[in-house]
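Assemble the complex: chain W is given as a structure, and chain A must be docked to it using the hints.
Quick note, the sequences are listed as chains W and A, same order.
Quick note: the first sequence, position 209, residue 391 per this note's numbering, numbers continuous.
Quick note: the second sequence, position 95, residue 277 per this note's numbering, numbers continuous.
Any given hint could be a false lead.
Since the list gives no way to pick out one identical chain from another, each pair is judged satisfied if it fits inside one copy or across any two copies.
[Unchecked claim] Mimicking DSSO-like on lysine-lysine, the simulated pairs with C-alpha atoms at most 30 Å apart in a straight line are:
1. K418 / K448
2. K285 / K443
3. K471 / K282
4. K448 / K249
5. K350 / K221
6. K350 / K249
7. K285 / K471
8. K195 / K449
9. K255 / K449
10. K222 / K448
11. K443 / K471
12. K191 / K418
13. K282 / K475
Read the hints as simulated data drawn from the structure, not as lab findings.
Protein chains: 2
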Amino acid sequence: MTYFEIDKKELLKGLGLMQGIAGRKTTLPILSHIFMEWKKNSLFLTGTDLETGVQEELNATVHEEGKASVSSKKLYEIVRELQDEVIHIQKRENHWIHLKSGKSVFNLAGLDPDEYPSLPAWQQTPFSTVPTRVMKEMIEKTAFAASNEESRYHLNGILFIAHKIGGKEFLRMVATDGHRLSLIDREGQVIPGIEKGVIVPKKGVIEIKRIMGDKDEEEEMEISFDNTHAFFKMGKSLMVVRLIEGEFPEYEQVIPKNNDKKVNIKKETLHRSLRRVSTMASERAEGIKLSLKKNIMELSSFHHDFGDAKEEVDIHYDGPSIEIGFNARYLIEALQSFDDDGILMELRDDGNPGILRSETTSTPSHQLSIIMPMKI
Amino acid sequence: MTYFEIDKKELLKGLGLMQGIAGRKTTLPILSHIFMEWKKNSLFLTGTDLETGVQEELNATVHEEGKASVSSKKLYEIVRELQDEVIHIQKRENHWIHLKSGKSVFNLAGLDPDEYPSLPAWQQTPFSTVPTRVMKEMIEKTAFAASNEESRYHLNGILFIAHKIGGKEFLRMVATDGHRLSLIDREGQVIPGIEKGVIVPKKGVIEIKRIMGDKDEEEEMEISFDNTHAFFKMGKSLMVVRLIEGEFPEYEQVIPKNNDKKVNIKKETLHRSLRRVSTMASERAEGIKLSLKKNIMELSSFHHDFGDAKEEVDIHYDGPSIEIGFNARYLIEALQSFDDDGILMELRDDGNPGILRSETTSTPSHQLSIIMPMKI
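Chain W on its own, in the form it takes in the complex:
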């Protein structure tokens, strides 16, 4: 009988990484399973929802090679409750596995591991190395602006695209839900295969960020794209995400060119005011009104049932008085995506989108956020 031994902590770590993917609500029973393959000195765990796949290599003592497919959630529940000991796993008849640890014995029903969908293999495209920190930051600064509406499938992802400014090469990420847009450039991150742009689904990107969070000892990751998939390698993890087919909006046309009203604001001050004033915004539209006059921004909101709120914030502004309405949550999320406290808000009038940028323009990380106005 083929079997292996593995440390409880090692197996638990690997199973933990799978829980976000394997076992999501699914009509295909085997997708609630993980695929396990033990060979040489490793156990390979694979989980997939057919859109996002994760493979993890773990240290194990393999006595005879083998493979199995068992419930991801159930195996995780069991291993989590075991004491810190060695776990012995043996393949049995009819795809069952037999698990023994200390005085505990489990027999776990399985499915034919040969029926488990294999992860797409990458082509000849070479992998590019990117600092994990940079990838994590770029995802954080864009993913929030992507759409969650399933009907807007082509907006459910982040555009990864190569970008050149003045002979310098940048990796650019853009996300938009049609009401707002976030864009960030990072210099020197050259990844072949994305010259025309690829759309990586938000769900997959969030999963990758989650796995990054669990592996903060990995300073670098490797990335590769082919026509249909994105591949991410980090330490002993491999993640594969199916790209979204379809056209990403012509985002460069959306960026306003004539926003001549420049407002300098402190991020934290505005953020706190927005949180207070938005308590009186309606739950659905979440609209608040910004009224600007020389060096003062008044925020106000009105709720049909509960009442109204207003507050003044000190700003630097020298232009004409204007009023403009925004979704408060979009403003808050956009503000939070900036690291610097000094924010430049560029407006034109109450019918055109506003832009948020960092006051400091000399950073290598060019970043902006665009928010559509709303009638209040």
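Showing chain A alone in chain W's frame:
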């Protein structure tokens, strides 16, 4: 115009205590409100769902007495976002209130405070003093066994009853859902009015325990009962709970007298084994089988889809071999309610309830847990 000033932290603390009660799902709009009355140097906040009521006295600077009724949740949301500053609250026309703090201004719609349901007043019954710690412990050791099924209304509470053993007086609490029962006695806690027993709803009791948790500086509380309500005073808080009408089951008849199989077990060891083996119990019945022979208990479970589990636990047992099935969660919850690690399990056969007690019988806190057996 009548108004007062209050410290942000003070108001936030009071509003926090109300959130569990006021604003629960309700058909009567004013029950989503809190009642505020400011007089002398205090703001009195009141929240009620007509079953459980809480009144809290807060320090305030009152300029002219007044009262109001506003949304509990909305006021809490607003105050939570304010900076740590003084809050000015003024009564306006049509029951609105005007709230000002720093540069923030809110107008909050209200309802006529005279329509707010007043809390029941207590009769002449005197209050008895009980250590908060004792009350909290007795609630924790019983409430979990009360029923959550609304159709079993008379089992939705905890019986508070005066009890005498050998001339000594005890406060006894009992809860049961028909499948299990928990009972605890504490010596010397004499409370008039519960000689025949009163049933305090679990929801109200849990709310009181929550408020106790927020006020751990209060070492003593005062308790009083009349025919329809229980009154709890703690520091500047008053809680009123409407008693459940109806007969509590004849619980003393449920306590088995002939459980001759005595098993000594370690609480923590059994608890961990139960958690492991119950991963393979069915989600609905949660049943596991205990098989006892000399000094060994084998726990086993079987799940129709996932497989089976078993584990041996060392015990002290010198009786004949027996097998008995229990709901694993009931066993776990009962075990957790004991402080001591040494537990005495008393069994008769697979058709009769089991009893859990502390091995140490000399404690002043007599406590037992009864669990019905199940066919596995």
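Q: Could you tell me which of the hints above the structure violates, numbers in ascending order?
A: When the structure is compared with the hints, numbers 1, 4, 5, 6, 10 turn out to be violated.
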